[in-house]
Amino acid sequence: GHSRAIASCKFAPGDGKLLATGSADKTTKLWDVDTGNELRSFQGHGFGISDLAWSPGGNYLCTASDDHTLKMWDVETGKCL
Numbered sequence: 199g200h201s202r203a204i205a206s207c208k209f210a211p212g213d214g215k216l217l218a219t220g221s222a223d224k225t226t227k228l229w230d231v232d233t234g235n236e237l238r239s240f241q242g243h244g245f246g247i248s249d250l251a252w253s254p255g256g257n258y259l260c261t262a263s264d265d266h267t268l269k270m271w272d273v274e275t276g277k278c279l
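Per my numbering: the sequence shown = residues 199 to 279.
Since the hints were made in silico from the structure, they are not lab data.
We put the CB at the ideal spot given by N, CA and C, even for glycine.
Do not take every clue at face value.
As the list claims (entries may be wrong) - With a Cα cut of at most 27 Å, we get these calculated BS3-like pairs of lysine-lysine: (1) K269 to K215; (2) K208 to K277; (3) K208 to K269; (4) K215 to K277.
What the hints assert, rightly or not - Derived DEER-like restraints, expressed as beta-carbon distance ranges: (5) R238 to L268: 15 to 25 Å; (6) D213 to G244: 31 to 41 Å; (7) C207 to F245: 32 to 42 Å; (8) H266 to K215: 30 to 40 Å.
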């Protein structure tokens with residue numbers, strides 16, 4: 199899990215079986231709601247995550263950080279776009 203406080207969490211659009219959490223530990227994590235397992239960790243911000251948003255189709259995740267940047271992530275590959 200996260201090593202610091204969670205600032206934002208959002209369910210993926212659709213069936214709601216994925217949950218994204220953004221934390222002061224500078225990471226966003228993707229969780230399987232049914233099992234509670236962490237599926238992926240997105241890293242790249244210099245400061246904590248303050249908010250996040252899913253794309254309408256659930257393929258992308260946008261993260262906002264206290265470092266004053268936004269990052270767009272491909273959920274399937276984990277790559278920053």
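These are the hints, each one checked on the structure:
For the given pair, K269 sits about 23 Å from K215 by alpha-carbon distance, which is consistent with the 27 Å threshold. With a CA separation close to 19 Å, the supplied pair K208 and K277 stays within the 27 Å bound. At roughly 16 Å between alpha-carbon atoms, K208 and K269 fall within 27 Å of each other, so this suggested pair holds. Restraint check for K215 and K277: the C-alpha separation of about 21 Å stays at or below 27 Å, so the hint holds.
The beta-carbon spacing between R238 and L268, approximately 19 Å, falls within the hinted interval of 15 to 25 Å. Between D213 and G244 the CB atoms are about 34 Å apart, so this pair conforms to the stated range of 31 to 41 Å. A hinted range of 32 to 42 Å is violated for the C-beta pair C207 and F245, which are about 18 Å apart. At roughly 32 Å, the beta-carbon separation of H266 and K215 lies within the given 30 to 40 Å, and the hint holds.
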